[in-house]
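Visitor: Counting with numbering that gives the first Met the number 0, you get residues 0 to 619 for the letters of the sequence shown.
To be clear, the hints were calculated from the coordinates, so they are not data collected in a lab. Among the clues, some could well be false.
Straight-line C-alpha distance at most 20 Å; calculated EDC-like pairs for lysine to aspartate or glutamate [said to hold, decoys possible]:
1) K374 with E320
2) K193 with D155
3) K568 with E539
4) K295 with D316
5) K393 with E475
6) K604 with D255
7) K495 with D548
8) K211 with D168
9) K193 with D255
10) K295 with D255
11) K336 with E359
12) K186 with D155
So the derived label-pair ranges between C-beta atoms look like this [said to hold, decoys possible]:
13) T106 with K308: 43 to 51 Å
14) R288 with L145: 51 to 59 Å
15) E615 with F139: 17 to 25 Å
16) A580 with D240: 28 to 36 Å
17) L350 with Q144: 38 to 46 Å
All of these numbers come straight from a predicted model, not from anything done at the bench. Even for Gly, the Cβ is constructed at its ideal location relative to N, Cα and C.
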Amino acid sequence: MLLLVKLFSVFLVSILSVVSHAQTTTKIPLEYFAQLPEVKNPVLSPNGTQLASTVILGGKPVLIIKPFDTLFSKQNKMPAIIGSGDLFINWYEFANEERLVINVRATAGVGGRLWNLSRLVSSSVKGKDLKPFHVRANDFGYYRQLVDVIHWLPDDPDHVLAILNDTPDKWASPEVDLVNINTGKAKTVLKNTKGSQRWIADADGNLRIGVKIDTRLGRRNVTVYYRETIKSKWEELQKTDYFDNKRLVPYRFDEDDSNILLVSIDELNDSSDIDETERNLFRYDLTLRDVVGPYKNNYREKVINIVEKALPNTELDIVSESLEKDKYVFRSYSDVKPPEYQLLNLKEPSLKYLGSEYSELENYTLASMESVSYKARDGLEIPAFLTLPVGAEKENLPLVVYPHGGPWAHDEWGFDNYVQFMASRGYAVFQPQFRGSTNYGIEHEEAGYKQWGYAIQDDITDGVQWLIDEGVVDPERICIVGSSFGGYAAAVGIAKTPELYQCAVSINGVFNLKSFIDSSRQLLYKTINRAMWNNRDEAEAVSPYHLVDSIKAPLLIIAGTRDTIVPYKQSKKMYKRMKKAGKDVELIKLTDGEHWRTNEKHEIKKMEALERFLDEHIGG
0 MLLLVKLFSV FLVSILSVVS HAQTTTKIPL EYFAQLPEVK NPVLSPNGTQ
50 LASTVILGGK PVLIIKPFDT LFSKQNKMPA IIGSGDLFIN WYEFANEERL
100 VINVRATAGV GGRLWNLSRL VSSSVKGKDL KPFHVRANDF GYYRQLVDVI
150 HWLPDDPDHV LAILNDTPDK WASPEVDLVN INTGKAKTVL KNTKGSQRWI
200 ADADGNLRIG VKIDTRLGRR NVTVYYRETI KSKWEELQKT DYFDNKRLVP
250 YRFDEDDSNI LLVSIDELND SSDIDETERN LFRYDLTLRD VVGPYKNNYR
300 EKVINIVEKA LPNTELDIVS ESLEKDKYVF RSYSDVKPPE YQLLNLKEPS
350 LKYLGSEYSE LENYTLASME SVSYKARDGL EIPAFLTLPV GAEKENLPLV
400 VYPHGGPWAH DEWGFDNYVQ FMASRGYAVF QPQFRGSTNY GIEHEEAGYK
450 QWGYAIQDDI TDGVQWLIDE GVVDPERICI VGSSFGGYAA AVGIAKTPEL
500 YQCAVSINGV FNLKSFIDSS RQLLYKTINR AMWNNRDEAE AVSPYHLVDS
550 IKAPLLIIAG TRDTIVPYKQ SKKMYKRMKK AGKDVELIKL TDGEHWRTNE
600 KHEIKKMEAL ERFLDEHIGG
C-alpha cells in the first residue's frame, strides 16, 4: 500500500536549496555518483498552486506534494509524502488542483516468470483518500500490464480518459474508459473494434486517432485510423510497413486546430524520436491528407529563449507548465553539469532554483563528452561519444567501452552518472551508437535488425580499433562494460574478439539468446516484428553461453534477482558454465534487484565492484 508519512523540514530545505561544496582535488566519493536523483520530474498543478516532485528518502524515491506559495518561504509546513513501499512510482500528473493521478508499478510472478504490472491510483494533494482505478481481467484471465491516461479533460476536472483494460477477448487491444478520479470507477466509452494499440484524442477529448501494429503471421503493418467526429465511421488514414520511413507517427492534435494532427515522420526528421521540446514535429492536415509544414510553438520557443539567456551553454527541456502558461518548470543540463530544475514565473518574472539531481557533484569539475564518428568495416558511418578523464591528453589511455542497452535505444550528449564515475577514475569512456541505435534515422536503425552478435558487434569492435589506430587508447588496457543488451555485447565481445579486451562487465545481461527469446521475452518477441530479432535457430552461434570456450578475459557478472526483463537465471547459468570451464568469472547477486536503477544500496554495490574490477585489470 501507499503510505502517507511526513518529511522533516531540514530534509526539504536541503532538497530545495542550492548546496555548495568546495572544489577539491581529491577523488570524488563513489556515493556521489551512485545515489539516485535527489529531485526529479517536478510537476505543476493546472493553475500552478501545487508542485509535486520525486525525492529520495531512505535510499528510495518517494513523491512529495507542496503548495506553491510555500516553496520558497521559510515556513516549516510539511509537504505530503506518498511513499511507495514495495511499489515504484512511474509517473504522476495533476488532474485538478485537489487531486493527482499516479502510475505505480509492482513486480509479480505470473506463469513461472516475473512481470511488471502497472496500475493507476488517484490521491488528494494531501496524500490521502487514495482511489485505485478499476481494472478487470480479460476472457483469458489476464490483466492489462500497461495502463495510461490519454486525455486529462481540462473542462471536466473530475474525469480522465484512460486505458485500463484490454478488449475482453483480445490481448494488447485496449479499450478507452472514462474514469472518475474521485471514486476510481470506470465506464467504457470506446470499444476496440480495430485492434488498435494506441488512441489519441483531440483538444476537446474526442477520440479520433487509433494506431494498430499487426505482426500476425510475419506481417509488420502499421495502420493509422481516423474519424472526423466521434459519430463518424473509422477510416484508414495510412497503412504502411513498420519500417517505411514515410510512416506517420501521430503525437497529438494541435491545441488550436482540431483538423491538424502533429506527427513525426522519419523521412523528414534527423531523428526518429519525438523531441520533448516539440521541435521535430510536423503539421498534418487531415482534410488535405498531407504535411503542411513543420510545427513550431512560438510561445514555447519564446519562453525557452528567456531561460537560455539566464542559463547559457546548457540544454533545456520544459518538463511542466501551468494551464495559463504563466509558470514553467525547466530541466537544464550539459555534459559537465548534472540535471537541475528551475521554475520560471512570468508574472514576476523570475527564475528560481528547485533542486539538482546530483547536488553533491555540482561544484566538482566533471569530464567533457565529445561527439565523434568512425566508419564500420562495411563503410557505414557510426556516431559515438568519447569522454576523457579531466585534464587527460588524447593518448595511450585505459579505455572502457560502454555500449548502450536496447539495442533499439541510444545514448545522448549530456550528463551520465556512470560515464562520469568511470572517467573520474582515470578511464576514457567510449559509447558507440552502433547500427540498430535509434535517433539516427530508420536506415541506421533497420541496419541492426537480426544483427545481435554480428554487424552490431562488429561496429563496436571497429570503433575500438579506430581508437587504437588513432593512438587514443592503450591496446593492453581495454575493458567492455554494459547493462542489458550492453551486458550481452560485453560478453560477446570477449568471446568473439578475445584478443581485444582485458576484461568485461555484464550487468543484467543476456547470455543465452535462444533461451531469452523462447522464455523471458517470448511475448515481446511475438509482438515486435520478428524481422528485428535474430533467428532463434541461429541464436546459439552468438550466445556467450555457448561460446565460453573462446573466452579468455575475466568476466564480472552483476544481476538482480527480480529482473523482469532479463531473468536472473541467465546470469546464474552463465556463471556456473564459466566456472565449470575453469574461466575467471565473478557473480555479484543483487537480492531483489531490478533491471532498472531503483535502489541506492544496489547502485553503490555495483559501482564498488566496477571500480575494484577495472582497477585490477586495466587500472594503473
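Visitor: Against each hint, give a clear statement of whether it holds in the structure.
Guide: Hint check:
A threshold of 20 Å between alpha carbons decides the hint, and for K374 with E320 the separation of about 43 Å lies outside it, so the pair is violated. For the hint pairing K193 with D155, the CA-to-CA distance comes to about 27 Å; that exceeds 20 Å, so the pair is violated. For a cut-off of 20 Å, the pair hint linking K568 to E539 stands: about 17 Å separates their Cα positions. Of the supplied pair hints, the one linking K295 and D316 holds, its CA atoms being roughly 15 Å apart against a limit of 20 Å.
Between K393 and E475 the alpha-carbon distance is near 16 Å, which keeps this suggested pair within the 20 Å criterion. Taken as a hint, the K604 and D255 pair is broken in the structure, with Cα atoms around 51 Å apart against an allowance of 20 Å. For a cut-off of 20 Å, the pair hint linking K495 to D548 stands: about 11 Å separates their Cα positions. At most 20 Å may separate the alpha-carbon atoms for a hinted pair to count; K211 and D168 meet this at roughly 17 Å.
Pair hint K193 plus D255 does not hold up; C-alpha atoms about 28 Å apart against a cutoff of 20 Å. In summary, the hint linking K295 to D255 is supported, as the alpha carbons are separated by about 13 Å, within the 20 Å threshold. The suggested pairing of K336 with E359 holds, with an alpha-carbon distance near 11 Å, which does not exceed 20 Å. For the hint linking K186 to D155, the alpha-carbon distance of about 15 Å falls within 20 Å, and the restraint holds.
Judged by the Cβ atoms, the range 43 to 51 Å given for T106 and K308 holds: they are separated by roughly 45 Å. R288 and L145 have their C-beta atoms about 31 Å apart, which leaves the hinted 51 to 59 Å range violated. The supplied range of 17 to 25 Å is broken by E615 and F139, whose beta-carbon atoms lie about 51 Å from each other. The hint said 28 to 36 Å for the Cβ distance between A580 and D240, and at roughly 44 Å that hint is violated.
With their beta carbons about 40 Å apart, L350 and Q144 fall inside the hinted range of 38 to 46 Å.
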